[in-house]
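**Q** In case you want the letters, here they are:
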Amino acid sequence: MIATAIRVDLQLIADMVESSTRALDVGCGDGSLLAYLVDFKRVDARGMELSQAGVNACVANGLSVVQGDADTDLRDYPNDAFDYVILSQTLQATREPREVLRQMLRVGKRAIVSFPNFAHWQVRLRLVFGGRMPQTPSLPYKWYETPNIHLCSIDDFRALCAETGVLIEQAIVLNRNSRPINLPPFVANLLGEQAVFMLRRD
Amino acid sequence: MEGTIDPSLFDSLSPSELKALAHCHHAKLGVDRPLRLDCGVELGPYRVAYQTYGTLNAQKSNAILICHALTGDQFVVERHPVTGKDGWWDTMVGPGKVLDPARYYIICANVLGGCMGTTGPLADDPATRKPWNLRFPVVTVGDMVRTQAALLDHLGIPDLFCVIGGSMGGMQVLEWAASFPKRVFSAVPIACAARHSAQNIAFHEVGRQAIMADPEWRGGDYREYDTRPARGLAVARMTAHITYLSELALQRKFGRALQNRNALGFGFDADFQVESYLRHQGSTFVERFDANSYLYITRAMDYFDLAGAHGGSLSQAFRGSPTRFCLMSFTSDWLFPTRESRQIVHALNAAAANVSFVEIESDKGHDAFLLDEPEMFRTLSGFLKGAAIARGLDGVR
Numbered sequence: 160m161i162a163t164a165i166r167v168d169l170q171l172i173a174d175m176v177e178s179s180t181r182a183l184d185v186g187c188g189d190g191s192l193l194a195y196l197v198d199f200k201r202v203d204a205r206g207m208e209l210s211q212a213g214v215n216a217c218v219a220n221g222l223s224v225v226q227g228d229a230d231t232d233l234r235d236y237p238n239d240a241f242d243y244v245i246l247s248q249t250l251q252a253t254r255e256p257r258e259v260l261r262q263m264l265r266v267g268k269r270a271i272v273s274f275p276n277f278a279h280w281q282v283r284l285r286l287v288f289g290g291r292m293p294q295t296p297s298l299p300y301k302w303y304e305t306p307n308i309h310l311c312s313i314d315d316f317r318a319l320c321a322e323t324g325v326l327i328e329q330a331i332v333l334n335r336n337s338r339p340i341n342l343p344p345f346v347a348n349l350l351g352e353q354a355v356f357m358l359r360r361d
Numbered sequence: 326m327e328g329t330i331d332p333s334l335f336d337s338l339s340p341s342e343l344k345a346l347a348h349c350h351h352a353k354l355g356v357d358r359p360l361r362l363d364c365g366v367e368l369g370p371y372r373v374a375y376q377t378y379g380t381l382n383a384q385k386s387n388a389i390l391i392c393h394a395l396t397g398d399q400f401v402v403e404r405h406p407v408t409g410k411d412g413w414w415d416t417m418v419g420p421g422k423v424l425d426p427a428r429y430y431i432i433c434a435n436v437l438g439g440c441m442g443t444t445g446p447l448a449d450d451p452a453t454r455k456p457w458n459l460r461f462p463v464v465t466v467g468d469m470v471r472t473q474a475a476l477l478d479h480l481g482i483p484d485l486f487c488v489i490g491g492s493m494g495g496m497q498v499l500e501w502a503a504s505f506p507k508r509v510f511s512a513v514p515i516a517c518a519a520r521h522s523a524q525n526i527a528f529h530e531v532g533r534q535a536i537m538a539d540p541e542w543r544g545g546d547y548r549e550y551d552t553r554p555a556r557g558l559a560v561a562r563m564t565a566h567i568t569y570l571s572e573l574a575l576q577r578k579f580g581r582a583l584q585n586r587n588a589l590g591f592g593f594d595a596d597f598q599v600e601s602y603l604r605h606q607g608s609t610f611v612e613r614f615d616a617n618s619y620l621y622i623t624r625a626m627d628y629f630d631l632a633g634a635h636g637g638s639l640s641q642a643f644r645g646s647p648t649r650f651c652l653m654s655f656t657s658d659w660l661f662p663t664r665e666s667r668q669i670v671h672a673l674n675a676a677a678a679n680v681s682f683v684e685i686e687s688d689k690g691h692d693a694f695l696l697d698e699p700e701m702f703r704t705l706s707g708f709l710k711g712a713a714i715a716r717g718l719d720g721v722r
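Residue numbers (the numbering used here), protein chains in the order written: chain A, 160 to 361; chain B, 326 to 722.
Only chain A is shown next, with the shape it has when bound in the complex (with noise of 0.2 angstroms):
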């Protein structure tokens, strides 16, 4: 597969990653980024993805990828398989986020990890105002058909590392452009409408 552009916050993802190296990504979709660190960074890339037409897509186009859960199927691999485990825009839709935290901290070096903010002043606004379900284009679902059961926000999230002794190398603050913005944290909890973290076991 040759890689074209991606999206934006995939395109942050692979410039976090060193190339020629190891790494796994959880929920891979259509293989966008795999096809990227692959073709562009040389990198020794495997993918993790729940949709059998995701996989299929995948393979098909070349790409190392397997049917599985990040729930539990992390479990099957060694320690520390990978340089980087990634996991995009998924953790707030898994089980139990710590313990996929956990495992992906576990099979690689360094975890990288993006989520829609919870704490985005849009969702904020809708809440209190609108007395709603918020449903914003990070988070487009109803109530009743949303995959995203453990929703959290930047600062949520940073408790959970600080609790669980992972450390936080990097974090980057997007705005609804997907731009990186440069703000202090309690501002970013507000601003930030997704988040994306480099982490390493402490």
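Just so you know, these hints were derived from the structure itself, not from any lab. Computed from a predicted structure; not experimentally measured. Keep in mind that a hint or two might mislead.
To be verified - Keeping only pairs whose Cα atoms sit at most 30 angstroms apart, straight-line, the calculated DSBU-like set for lysine-lysine is:
hint: 1; chain 1: A; residue 1: K268; chain 2: A; residue 2: K200
hint: 2; chain 1: B; residue 1: K353; chain 2: B; residue 2: K385
hint: 3; chain 1: A; residue 1: K200; chain 2: B; residue 2: K710
hint: 4; chain 1: B; residue 1: K344; chain 2: B; residue 2: K422
hint: 5; chain 1: B; residue 1: K455; chain 2: B; residue 2: K353
hint: 6; chain 1: A; residue 1: K200; chain 2: B; residue 2: K507
hint: 7; chain 1: B; residue 1: K507; chain 2: B; residue 2: K422
hint: 8; chain 1: A; residue 1: K268; chain 2: B; residue 2: K507
hint: 9; chain 1: B; residue 1: K353; chain 2: B; residue 2: K410
Use these hints to put chain B onto chain A, whose structure you have.
**A** Below, chain B alone, put in the same frame as chain A:
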């Protein structure tokens, strides 16, 4: 090699074997160094009948080994010299197909214990100069793979770009990757398992008992009596054939439709189309397959347990494997269901091997791997393309 026959290896060829060997290559192996079988017996010399398609490139980097299933053979593409039917995998192999002889050098050898020219129970025991029949040593999937490795040595091929096969062929692929990891650049085990399940052993046992219950089997020495256990072998094939299909496929194809009649016959003729179909499958099978061979090859599958051979840990079998794997299973395959493939994937993940796994939606049961399954072709051609780029094969965009 083709057409020229070494008389020392052809003492008591069956008519089928003679026809087969006239239409393929064969090699006399194990002359200097006999093959030590898993059962402890040393076998040699032995004959391997094989077919090739395409040309080996100068770097010897484009060889693909196809491993055939229980009742398959080396005639992958062309009209079969014994049955006159199309090659068993001409959907996969051929000009313009996924495995194109214009690009790859494709080899397929009849398995050890087989009846299309490779040494098996039909051959003569060199010690007694009499047919082996049931005195032929019990062979394993590992033994089959070692004869294929010896064939590659004979052909001067250091390693394979890909080893591919379905069902028992997939077992051989797994065995190849575990036993000769450095000789296998990529491996495609399709619709298979790392060990034969109790249910599958049970079905095989029914088949074997059917053969041995046929009075014409004569303790395996039927050829000496100029007869053969055709009924027993046909029943074995009928039972097995059901396991290759799915309930849905059978229902759709036959339902309860009657065969050449408008009402039930109140007897035991083939009233139903499905009965007539199975009888046909049974009777055509005995024309091309040897009953003793069927006993031996089903036994080899029963004995297959890759984890057992590696201290009970399947991932141990693949530890440090440099091979790129692509596994495929089919949703309606109940003989080698998806969970069997998934178990292999888990073990490969645990060994941090490079693995892809695709489950293909199909209602055609186990036989799907032999049929026109576009998703399988698409997956495989994508996988091979990625592997070819990684290997630096010419002619790959």
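**Q** If you draw a straight line from the CA of K353 of chain B to the CA of K385 of chain B, is it 30 angstroms or shorter?
**A** Roughly 22 angstroms between the alpha carbons, so the hint for K353 of chain B and K385 of chain B holds.
**Q** Within 30 angstroms, alpha carbon to alpha carbon, are K344 of chain B and K422 of chain B?
**A** Holds, at about 27 angstroms.
**Q** Keeping to a limit of 30 angstroms between CA atoms, is the pair of K507 of chain B and K422 of chain B held or broken?
**A** 27 angstroms, holds
**Q** Could you grab the alpha-carbon distance between K268 of chain A and K200 of chain A and see if it respects the 30 angstroms cut-off?
**A** 18 angstroms, holds
**Q** For K268 of chain A and K507 of chain B, compute the direct alpha-carbon distance and say whether it is at most 30 angstroms.
**A** Answer holds: K268 of chain A to K507 of chain B is near 28 angstroms, not above 30 angstroms.
**Q** Does the alpha-carbon distance linking K455 of chain B and K353 of chain B stay inside the 30 angstroms limit?
**A** Holds, because 19 angstroms separates the two Cα atoms, which is no more than 30 angstroms.
**Q** Taken at face value, is the distance from the CA of K710 of chain B to the CA of K200 of chain A at most 30 angstroms?
**A** With Cα atoms ~19 angstroms apart, K200 of chain A and K710 of chain B stay inside 30 angstroms; holds.
**Q** Is the straight-line distance between the alpha-carbon of K353 of chain B and that of K410 of chain B 30 angstroms or less?
**A** Measuring from Cα to Cα gives roughly 28 angstroms; hence the hint holds.
**Q** Straight-line Cα separation of K200 of chain A and K507 of chain B no greater than 30 angstroms?
**A** 26 angstroms, holds
Every hint, counting from the list given before, is met by this structure.
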